[in-house]
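One line per chain: the protein sequences are A and B, in this order.
For what it's worth, the numbering used here labels the leading residue of the first sequence as 1, then goes sequentially.
For what it's worth, the numbering used here labels the leading residue of the second sequence as 1001, then goes sequentially.
Derived from the structure by calculation, the hints contain no laboratory data.
Even glycine gets a Cβ: it sits at the ideal position worked out from N, Cα and C.
Each hint should be verified, as a subset may be incorrect.
From the structure, some residues in chain A lie toward chain B, with a derived Cβ separation under 8 Å [as the list claims (entries may be wrong)]: (1) Gln212; (2) Ala262; (3) Asn293; (4) Val477.
Given next are the chains, with one letter for each unit.
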Amino acid sequence: MQAADALTAAAPVPAATPALAAPPRPLRIALIGNPNSGKTSLFNQLTGLNQKVGNFPGVTVDRKSGWAQLAPGRRAEIVDLPGTYSLYPKSLDEHVITDLLYDKAAPNYPDFVVVTVDASNLRRSLLLFTQVVDLGLPAILALNMTDVAARHGVNIDVPALEQELGVPVVPMNARSGSGVAALKIVMAERLATCPAGLFWWPDEALLPLVRQVRYYFDLHNDYLALHYLQQYRHIQFLTADDRAHLQELATQYGFDATAQQAQETIARYQRINAVLLETVTVTRTETREPVSNRLDRVLTHRVGGYLIFLAILFLLFQAIFAWAQYPMDLIDQGIGALSQAIQARFAGPLVRLLTEGVLAGLGGVLIFIPQIALLFGFLAVLEETGYMARVTFLMDKLMRPFGLSGKSVVPLISGLACAVPAIMGARTIESWKDRMITIFVTPLMSCSARIPVYTVLVALVVPDAPVLSLFNLRGVVLMGLYLLGLFSALGSAWVLKKVLKARERSYFIMEFPVYKWPRWKNVALTIYQKVRAFVWSAGQVIVAISVLLWGLASYGPGTAQAQAEARVRAAAGAAAPAVLARNVAAARLEASYAGVFGRTIEPTIRPLGFDWKIGIALLTSFAAREVFVGTMSTIYSVGQDADLGTVQAKLRAERGPDGKPFFTPARALSLLVFYVFAMQCMSTLAVTYRETKSWRWPLGQLMYMTGLAYAAALLVWQVLK
Amino acid sequence: MSLFRRTAAAVPATASRRTAAGLCLGETGTICCLEDPTMALKLLEMGCVPGVLVRLSGRAPLGDPLMLVLGDNEYTLSLRRSEAATITLKP
């Protein structure tokens, strides 16, 4: 309806004037687009390995940014914004976008934006584009997935589209990389433009209100003023006074946000239809149903769907526990051999610090890499192919009785890798209640940091025997631990569902991405980033704690250690030298700072079957549970024969006061159950705080999970011992 | 001109009303209006605009959520029965 006169109609936005001289600072460009429009692929194509994923608890958490070499001597910072369907945020993730694009004074305000649109689905993709442009941002349209569009018989007249939209249009295919070079040139030359006219503008009747907001906040256009009116409750940078003022204005003029938004969206679609009529012709070549729909019939089948999902999960566990074992053994043995080689050649306290402190801790970090890489690789493939959306679809009805939604499944499964990204992933859940429940229970899913604890202890007490000639007993026990975690998560969710009151209704609606073959480059990039983040952030903590522990275990208060040693030597009499040496070492450890520490908490944990050595490990793993194995390795390597390379050998060699092996199945099981439930991760608590903006949630998690762990371990030990 | 308002008031929730939740498997209908104002915003953004064709292409194994194909096989949405029930179809 506004197609003809749009270009001549009053346009308060002046066209952007490209800077004549190159600006002193590099360009800042934001990528924006619908979910599944290939935005992430394009981001990876542009930036490659030069990406920086903001880490918690920093400020840039939500934003992925990277550097792109657009042309020789022309670098630009690319900011990847979360996928969204419109500029009216419906979930937390999307608020990041408006906070960035509303505030021209913001330090990260982009010079221009690249809007990625799915060429096979132009109508819906252009909705966001017209909103972005109407906000007054210079834009480039990256017309993605042209190959898919062509296959569907969609012919797009690019020059005509450019004419109609008033911005550069670059046809491309981000997955294969074709067209990316052209896009880089357009970006480097700063050819982004603002169209001469708007695609939509507020009704005459709204103008008095909109103008009042616009002049009050000194905004550069009417549409932005309208957004202020729509969103003022959620705009970060507004003060309380500003918000009160906006609310007052809205009530005074009787502003109906919902009706206005619906009207705007419908009007935009009409305008877009007019544009598409001029530029797109569809000649349906294929009459057959799309492959994706036929695949869906199999993958979401009422029986087959679940069987396939189970099979995929089974494969995932197989990969993590069987395939990862070989590289892990290599790393374990390699570290052990290196440590022995050093000890054989040199001696002295510094060498012991290096081998028993630093190297032992480092081994505890590096050994994780194969499993983390496999797990994140797997999840990335499931996400890339579009299968994750189907999992959500399959599981929604099943999850609802527990107060969760199908969208909780992805965070819960990601929780198998690490609760930190999983909790952040819960942002896609729009409903407050569903989201809080998901965040609260996700840490109960057995994360990869528990894997080493599980593997070491299970291998220690469970025989390597076949079950039903198909499975391995150890594998079955491991599966049981994971199921225990899963069921406790579901049970806790059910309890929370009863306790919490809903604030708003929960949505489920989402788009089913078309099945795609995964881009291995994207998968590899994900794996690389996750492993690097783990080695750097978790690794530093682990190595630092290992060194600290070594110090605490090697030195004691005053002359306590020397006295303990003297006592043992006096009592030993004619014992064999090897036994004597071990007893001396044990006595020295007991008299060390760590021993004193462990002794203090021993009465609390004795009912669980734990002694003071395990007590030390429990305390240190409250910072991060992956420290457990490193701690055990450090504590038990003090005073044992140096040739016991691996942690398992050290634990197996450990004797109780009665001379029998200390780690009985009951004790190991109690410890395992404790680790299934216990909240032992500072990072998770930090991220829960950040995501819920309240200390209530992380503290609740800490107390609930620790209590659960204590009770469960108590039960196991008292029944089985 | 707000489409959903006028129609929401005009069409009472009777049993004879056709909604996207009531489609048979494989059946097609044309979107007439969106009943629930908040839900309507989300549906509109995702392309459920009055006049667009929808086809029920599948149901999850337990009968919920549903899979709706929009337009001429353009793309598939997945949504709960209760959400689909807010989409009324032209008789």
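Now the hints, each set against the structure:
| no. | hint | verdict |
| --- | --- | --- |
| 1 | Gln212 | 23 Å, violated |
| 2 | Ala262 | 6 Å, holds |
| 3 | Asn293 | 6 Å, holds |
| 4 | Val477 | 30 Å, violated |
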